[in-house]
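Q: Single-letter residue listing:
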Amino acid sequence: MSDMNLRNKPVVRDPLERSRDFGEVCLGFTPQAAALEAQRCLGCKAAPCMKGCPVGVQIPRFIACLKDGDVAKAKAVILKDSSLPSVCGRVCPQENQCEKLCVRAVKGQPVAIGLLERFVADNAQIQGVAAKKTGKRVAVVGSGPAGLACAGDLIRAGVDVTVFEAFHKLGGVLVYGIPEFRLPKALVEKEVAELAQLGVTFEKDVVVGKTVELSELAEQYDAVFVGTGAGLPMFMNIPGENLNGVFSANEYLTRVNLMKAYLADSDTPVFKSKKAVVVGAGNVAMDGARTALRMGAEVSVVYRRGREEMPARAEEIEHAEEEGVELKLLSNPVRINGENGFVKSVTCIKMELGEPDASGRRSPVAVDGSEFDIECDMVLMALGTSPNPLLTSSCKALATGRRGVIEVDESLETSLKGVYAGGDAVTGSATVIRAMGQGKKAAASILQSFENNR
Amino acid sequence: MFEIVKKTKLNPNTEEYVINAPRVAAKCKGGQFVILRVDENGERAPFTIADYDRAAGTVTVIVQTVGATTYKLAAMKEGDCLADFVGPLGNATELGEYKNVVLVGGGIGSAVIYPQTAELKSAGKRVTAIIGARNKELIIHEKEFKQRTDELIIVTDDGSYGKKGTVVDALRALLDAGGYDCVFAVGPLRMMSAVCDLTRGYGIKTVVSMNSIMVDGTGMCGGCRLTVGGKTKYACVDGPEFDGHAVDFEEAISRSRIYKEQESEHYCRLTGGGK
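Protein chains in written order, with the working numbering: chain A, 19 to 472; chain B, 3 to 277.
Mixed in with the good hints, there may be bad ones.
As the list claims (entries may be wrong) - Straight-line distance between alpha carbons at most 20 Å, and here's what the computed PhoX-like set of lysine-lysine pairs gives: (1) B:K79 / B:K11; (2) A:K278 / B:K79; (3) A:K69 / A:K98; (4) A:K278 / B:K11; (5) B:K29 / A:K222.
Stated by the list, open to error - Incomplete in silico selection of chain A near chain B, CB under 8 Å: (6) A184; (7) F253; (8) R273; (9) T286; (10) N406.
For the record, the hints were derived by calculation from the structure and aren't laboratory data. By construction, the Cβ of each residue, glycine as well, lies at the ideal position given by its N, Cα and C atoms.
I would like the entire structure built from these sequences, with the hints used as guidance.
A: In structure tokens form, the structure reads like this:
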């Protein structure tokens, strides 16, 4: 009998092998490991784990189905509350959500809920059934996690849904941001195909605010959901930032992920770096660093605070380090130096941690005279993103708040009647699961409003 | 989907494409651009809108064959469909406050100033156009320009047609004569830079259109950033047109070179070697 305080391990590809290709890093549980791991769930009546889930997946119930060997039923349980389990099983920060509250964590390691969710999602095929048509029509703006979740719940409730996407591919951040090695794009395509099969109409190449106005959609549909995300990159505003070789992580990742620049037959060029510096320490920074590594660069991550403060998921940091990404902590770029218009090096200054700031994290203070240079030919800025003002500036009646987020009430309705919003466009950059939760909440509000106005 | 309704060869390496794109045609204005993808492996390539027909639901772009995307495009025929065609992106040209405008088009830039001839004429403005090309063969839309302007000046580098010289020489002569209140110049970066250096001395408002490297065209990548008046701007959402006297052209020229090596390599592979 294995030690019930320790979790079963998924299949993870060797760092040396995987750091040279774009294949998925973690391959998930084998059926045996999944069965053993399911046995570790205590099936707590109070289900503390569920309190950590932004969409309230009935975790002990789906794991109970797994214990019975009924993977299809387990998936049906998950789908009651979540729309994209194969995605969330991979990219949710479970260690800070469900798994953090698992009773098993008191004495040992928590149940690997995320890996079990992924196992269920990947190994069960079930067809959703579209409900009786209500005759109502809803437009969804953006096909990222928020939009897909909203569309899924509406179509299952018998509402006609049209999703408008600005890009030529569906999935939003799931396809342009998160790399293939962390979330295979075939999975996203499968999720989208399932929604299309249920009857959701997808319209690509439509930039709402340019190709069609939000006000037109509001007139033509019974309700609109805006899930346009937070796609606007931030820069540091330091000298040398416009040199060739300085990119937003957004641009670099979009070229590689969405445009498939890592494949020889893609027409999209991508900068071929030998030595790259990534600024920032969130998940996007880790994605940028690990992508640059796979594209053939030596990579260091520069972060102004310490390891404890790194906002990226523990697993991502661990994977990055295993693959050979070097962390240069308590360092902050002050200037980028160039030669003939191209990046040559980054000058950083050492930092030390001072008093806690408003966010509760100790704020970094520069150490006088501690400047040092890191030689490199590429710098990726992964400093966070904010909502894109393209849509909001095209529709002045839509009220916005700090950093351009769309203002909503409790029901996620915006200042425009019948227009709802959710996900990063409302919260500022957050997680896939939180955006999905908001998409679902907005769908519920929209259905409620239809009910009230019958 | 985005069918090539009509394809016309304007000169040995430039084609005009009329694309079926009703949604874009319904909204677009001169000065805005579209992003198209030729096929599933295609890059997202921006092109300024050269003309549009709202009733027919078509948008026209004029494309010079210079690299992989334009080479693939040139191989397409009428009736073929583009994978993607999205827009209108960026802001429309706004020259409404000026009365006597000189439009300067260098090379393929002539295609960008072309829609302005009609828009300014219908607003009752006086329009002078200078179009420049390396040689006679490369001049586009001469007849249409003639019909739609009060005065048309053609210059060629080799003197094979019109006056021998550059658009800058021709513009200098006009400005010396006086009376103009705005210059709208579109063409290669070095040409626009030279035009701005000239017009600065005359204190005349000069607008340029920046065709920067970009991916999404909606403000997400930041690849098209340039410095205007000491501030970083995005050509896709803040432009593509800017006050030419405030643009840092040296930086823009440097940034335009970033993928040169890779692009020519890719183009060579596609065309089977030799440029």
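Q: Among the hints numbered above, which are violated by the structure, and what are their numbers in rising order?
A: 2 and 4
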